[in-house]
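Asker: Residue numbers (numbering that gives the first Met the number 0), protein chains in the order written: chain Y, 0 to 220; chain R, 0 to 566.
Simulated from the structure, these hints should not be mistaken for lab results.
Some clues are possibly wrong.
Unchecked claim - Chain R side only, calculated, beta carbon under 8 angstroms to chain Y, not exhaustive:
id	residue
1	Ala123
2	Arg126
3	Val177
4	Ala179
5	Arg185
6	Thr186
7	Gly188
8	Tyr189
9	Ser190
10	Arg286
11	Arg287
12	Val367
13	Leu371
Don't be surprised by glycine CBs; every beta carbon is placed ideally from N, CA and C.
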Amino acid sequence: MNTLRIEGLSLSLAHDQSLVCDLSFSIEPGEVLVLMGPSGSGKSSILAWLTGTSSPQICGSGSIWLDNACISDLPTEKRRLGLMLQQDYLFPHMSVRDNLLFGLRGGTRSERLERVQRSLQDAGLGDMAQRDPATLSGGQRARVSLLRTLLSSPCALLLDEPFSRLDAAMRSQIRSFTWASASKLPVLLVTHDVSDVPPGARILDIGNLPQGEQCPPTDKS
Amino acid sequence: MQLMSGRALLRLLTGAMLILFVVPITLGMAGTVLPAFGYMPTLAPGNGFLDVVSDSRFPRAVLLTLFTGLSATALVLLLSIIALVSLHRSRLWSWLSAAMPPLLAVPHAAIAVGLVFLISPSGAVVRMISPSLTGWSKPPDAWIVPDALGLSLILGLVIKEVPFLILAAAAQLSHLNVDASLKIGRTLGYSPARCWSRLILPRLYPRIRLVLLIIMGFNLTVVDMALLLGPSTPPTFSVFLMSLVNDPGSRAAASAGALLLCVLVAACFASLRLLEGLVSRVARARRRSGARGKGSRLFRILGKVVVVLMVVLSIASMLVLLIWSVTRRWRFPDMYPSTWSLHAWISEGADLLSPALSTLSISLSVAVLAMLATVVWLELERLGHAPKLDGLWYVPLLVPQVSLIFGWQAMAYWAGADGLWITVVYSHWLFSMPYVVLILAVAWREFDPYWNHAAHTLGAGYFRVLFRVRLPLMIKPLCQAAAVAIAVSVAQYLPTLLLGAGRHQTLAIELVTSFGGGDRRAIAALAVLQSLLPLCAFVLALAYPYHRSMKQARNNARAVPAGGAFE
Numbered sequence: 000m001n002t003l004r005i006e007g008l009s010l011s012l013a014h015d016q017s018l019v020c021d022l023s024f025s026i027e028p029g030e031v032l033v034l035m036g037p038s039g040s041g042k043s044s045i046l047a048w049l050t051g052t053s054s055p056q057i058c059g060s061g062s063i064w065l066d067n068a069c070i071s072d073l074p075t076e077k078r079r080l081g082l083m084l085q086q087d088y089l090f091p092h093m094s095v096r097d098n099l100l101f102g103l104r105g106g107t108r109s110e111r112l113e114r115v116q117r118s119l120q121d122a123g124l125g126d127m128a129q130r131d132p133a134t135l136s137g138g139q140r141a142r143v144s145l146l147r148t149l150l151s152s153p154c155a156l157l158l159d160e161p162f163s164r165l166d167a168a169m170r171s172q173i174r175s176f177t178w179a180s181a182s183k184l185p186v187l188l189v190t191h192d193v194s195d196v197p198p199g200a201r202i203l204d205i206g207n208l209p210q211g212e213q214c215p216p217t218d219k220s
Numbered sequence: 000m001q002l003m004s005g006r007a008l009l010r011l012l013t014g015a016m017l018i019l020f021v022v023p024i025t026l027g028m029a030g031t032v033l034p035a036f037g038y039m040p041t042l043a044p045g046n047g048f049l050d051v052v053s054d055s056r057f058p059r060a061v062l063l064t065l066f067t068g069l070s071a072t073a074l075v076l077l078l079s080i081i082a083l084v085s086l087h088r089s090r091l092w093s094w095l096s097a098a099m100p101p102l103l104a105v106p107h108a109a110i111a112v113g114l115v116f117l118i119s120p121s122g123a124v125v126r127m128i129s130p131s132l133t134g135w136s137k138p139p140d141a142w143i144v145p146d147a148l149g150l151s152l153i154l155g156l157v158i159k160e161v162p163f164l165i166l167a168a169a170a171q172l173s174h175l176n177v178d179a180s181l182k183i184g185r186t187l188g189y190s191p192a193r194c195w196s197r198l199i200l201p202r203l204y205p206r207i208r209l210v211l212l213i214i215m216g217f218n219l220t221v222v223d224m225a226l227l228l229g230p231s232t233p234p235t236f237s238v239f240l241m242s243l244v245n246d247p248g249s250r251a252a253a254s255a256g257a258l259l260l261c262v263l264v265a266a267c268f269a270s271l272r273l274l275e276g277l278v279s280r281v282a283r284a285r286r287r288s289g290a291r292g293k294g295s296r297l298f299r300i301l302g303k304v305v306v307v308l309m310v311v312l313s314i315a316s317m318l319v320l321l322i323w324s325v326t327r328r329w330r331f332p333d334m335y336p337s338t339w340s341l342h343a344w345i346s347e348g349a350d351l352l353s354p355a356l357s358t359l360s361i362s363l364s365v366a367v368l369a370m371l372a373t374v375v376w377l378e379l380e381r382l383g384h385a386p387k388l389d390g391l392w393y394v395p396l397l398v399p400q401v402s403l404i405f406g407w408q409a410m411a412y413w414a415g416a417d418g419l420w421i422t423v424v425y426s427h428w429l430f431s432m433p434y435v436v437l438i439l440a441v442a443w444r445e446f447d448p449y450w451n452h453a454a455h456t457l458g459a460g461y462f463r464v465l466f467r468v469r470l471p472l473m474i475k476p477l478c479q480a481a482a483v484a485i486a487v488s489v490a491q492y493l494p495t496l497l498l499g500a501g502r503h504q505t506l507a508i509e510l511v512t513s514f515g516g517g518d519r520r521a522i523a524a525l526a527v528l529q530s531l532l533p534l535c536a537f538v539l540a541l542a543y544p545y546h547r548s549m550k551q552a553r554n555n556a557r558a559v560p561a562g563g564a565f566e
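Please construct the entire structure, taking both the sequences and the accompanying hints into account.
Answerer: This is the structure in structure tokens:
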């Protein structure tokens with residue numbers, strides 16, 4: 000398992016308006032770092048920059064490390080950073096099973112089918128394999144989306160307000176499922192909602208962070 | 000009582016609209032089918048199917064049609080996909096998006112003539128590299144345009160249809176959340192090209208299928224471009240049918256051939272559906288395999304090169320026409336004309352004016368009628384008095400034009416309406432309507448009903464809301480639709496030729512007729528003039544909404560006193 004380390008991250012808009020200045024932090028496997036801050040403070044921009052999917056209007060500098068490997072210059076598909084967004088983006092032209100098979104790396108055909116079926120069963124979705132994603136509830140979709148990301152064997156997990164579209168009851172269920180599923184990965188969570196923060200997570204409020212300073216390493220919630 | 004009569008009137012209007020559109024299509028097909036089976040012997044003598052099938056040109060004409068039509072369609076699809084995948088969201092994409100609508104406006108015949116002047120042995124390309132690179136001091140005889148295999152025709156069709164498919168696809172991409180699919184796909188480990196092939200194209204294809212079928216139908220049945228760029232021994236099937244319809248003793252054979260062309264096109268449509276099923280099965284298996292593969296930079300570079308080449312060829316075709324139209328002397332192998340002159344425009348002025356005015360009057364009438372009919376239908380549909388019949392409006396684009404027009408010609412002759420101006424306008428209207436519906440329907444249906452409600456609550460009646468709120472707010476798509484209707488009408492060759500009975504010399508007719516033996520300068524002037532009309536329409540369609548908004552902004556500025564409205 001890898002440690003995700005960010006060094007000297009600075010982001011600015013094209014007209015030189017600084018969003019984030021010289022930010023550094025690291026996340027150990029099994030640890031959750033929560034990025035909080037007001038709208039427009041650059042939380043989602045940080046995730047987009049980490050995955051290499053920033054819009055051209057945003058300029059960024061800094062480096063991303065997975066253990067001792069620098070991945071900043073790799074294309075998005077080679078960075079192995081799993082991403083979950085507010086919307087689940089299950090591909091509508093694929094069944095639930097095909098969405099998961101699309102995410103899963105490697106293996107023979109039978110191994111892949113077995114692995115997907117086992118994941119679905121573990122997530123309580125054993126009988127949903129053939130379903131069209133459009134027929135699933137919000138909670139079921141969120142679980143399938145997380146499974147798809149995890150099956151792609153990411154080295155770290157980036158979550159951009161993944162629970163914000165769910166109702167209160169479903170939120171708590173999906174949160175528990177997420178933390179249990181990603182228990183061995185470094186996780187970076189962006190959220191507005193304090194109740195999304197899991198026990199033992201570090202919180203980094205980028206709205207109040209003095210520029211040029213590192214994230215406090217032991218700011219436990 | 001008044002309400003009932005209002006409803007009855009609306010129903011009558013709906014029925015009348017349907018009759019105006021469906022009856023000519025039905026009669027057109029009947030006018031082709033009946034003579035083909037020998038039911039109108041006085042109008043169409045001959046043995047129908049036997050005559051056409053036993054003609055020695057028949058098998059080669061069919062093979063040539065299949066080769067040119069299907070190759071051009073496959074290339075159009077392939078190049079459009081390459082353009083989308085390799086250029087989407089790039090700077091070149093914005094440039095391309097701006098360059099494509101004017102290219103779409105240029106009529107097929109004008110592009111074809113420009114292409115001949117560009118790539119023929121004595122064309123501009125050879126002149127540019129001769130004699131310095133080639134040593135040629137006279138045009139080489141290594142190739143000819145048109146060529147026997149129809150490669151020039153394929154190139155012409157590809158150049159004209161690629162922008163059409165790209166624009167149609169680009170309009171659909173906004174519904175597919177492309178950026179999110181690329182983002183998720185790439186974080187799952189797939190290259191951009193794989194994200195396109197596995198996530199975006201499978202969802203895009205069903206949305207552009209209709210346009211692709213229209214393109215395929217057109218490529219298999221085109222007449223004017225095939226006359227200019229296609230071989231003549233044998234010609235393509237539709238050109239072969241034209242030679243039959245011009246022979247009074249072979250009218251039944253022409254009708255039978257037109258029916259066979261319908262069957263051929265239907266078979267190609269069916270084959271495409273079968274192929275889709277096969278490709279879809281393979282694609283599903285590849286998606287399930289989870290194989291990431293490697294992104295190919297070479298593919299992206301190749302895509303850019305191919306697309307730029309296509310656009311440059313189109314623009315160069317137009318440019319070479321413009322140059323020839325103001326040339327006095329341009330000897331081979333000179334790179335530029337040695338003497339420039341407006342001679343072609345001045346000496347042929349009188350000959351150009353009459354077809355230009357004829358083209359203008361027909362195309363403007365067609366645009367007005369098509370806009371009026373589409374707005375009426377969409378309003379009837381919105382108010383719940385008419386069903387949504389998108390499939391019906393596209394029928395004239397899917398049925399081979401030859402098959403419909405042979406029937407119309409027979410019916411018009413039988414009714415004594417052939418050669419009438421209104422008959423020509425009516426036929427152009429039937430081919431313009433689908434495009435106008437295609438453009439306006441989306442905008443009309445997506446129009447926020449809040450504007451209507453807001454205006455009604457302010458006391459405005461139905462017509463006041465329509466003319467003061469809805470239509471002004473939709474000025475952009477309305478102008479675009481009008482420009483497209485004009486462009487479609489200006490390009491119509493076959494309906495004007497066969498239904499006009501030689502009495503309406505439009506620019507399209509003049510261009511194709513004079514191409515065989517005319518002076519290059521005069522032909523170029525004709526082609527430029529034919530292109531200028533739709534181009535002007537497109538420029539006006541862009542400029543008028545802009546002018547309106549600027550005028551409104553100026554009025555608003557005048558209405559607000561200096562220092563602010565509330566001081």
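Asker: Work down the list of hints and note, for each, if the structure agrees.
Answerer: Okay, the hints, checked on the actual structure:
1. The criterion of a C-beta within 8 angstroms of any C-beta in chain Y is not met by Ala123 (chain R), whose closest approach is roughly 38 angstroms, and the hint is violated.
2. The restraint placing Arg126 (chain R) at the interface with chain Y is violated, with a minimum CB-CB distance near 42 angstroms, outside the 8 angstroms limit.
3. Among the interface hints, the one on Val177 (chain R) is violated; its C-beta lies about 12 angstroms from the nearest C-beta in chain Y, farther than the 8 angstroms criterion.
4. A least Cβ separation of about 5 angstroms between Ala179 (chain R) and chain Y falls short of the 8 angstroms threshold, and the interface hint therefore holds.
5. For the restraint placing Arg185 (chain R) at the interface with chain Y, the shortest Cβ-Cβ distance is roughly 4 angstroms, inside the 8 angstroms limit, so the hint holds.
6. For the restraint placing Thr186 (chain R) at the interface with chain Y, the shortest Cβ-Cβ distance is roughly 4 angstroms, inside the 8 angstroms limit, so the hint holds.
7. The criterion of a C-beta within 8 angstroms of any C-beta in chain Y is met by Gly188 (chain R), whose closest approach is roughly 5 angstroms, and the hint holds.
8. A cut of 8 angstroms between beta carbons decides the hint on Tyr189 (chain R): the least distance to chain Y is about 6 angstroms, and the hint holds.
9. Hint on Ser190 (chain R) holds. Least Cβ distance to chain Y is approximately 6 angstroms, under the 8 angstroms limit.
10. Satisfaction of the interface hint for Arg286 (chain R) is found here, the shortest Cβ-Cβ separation to chain Y being roughly 6 angstroms, below the 8 angstroms cut-off.
11. Proximity of Arg287 (chain R) to chain Y holds as hinted, the smallest CB-CB distance being about 4 angstroms (cut-off 8 angstroms).
12. Residue-level restraint check for Val367 (chain R) is violated (minimum Cβ-Cβ distance to chain Y is 41 angstroms; threshold 8 angstroms).
13. Annotation: Leu371 (chain R) was flagged as interfacial toward chain Y, and the flag is violated, the nearest CB pair being 38 angstroms apart, outside 8 angstroms.
Hints 1, 2, 3, 12 and 13 from the earlier list are contradicted by this structure; the remaining hints agree with it.
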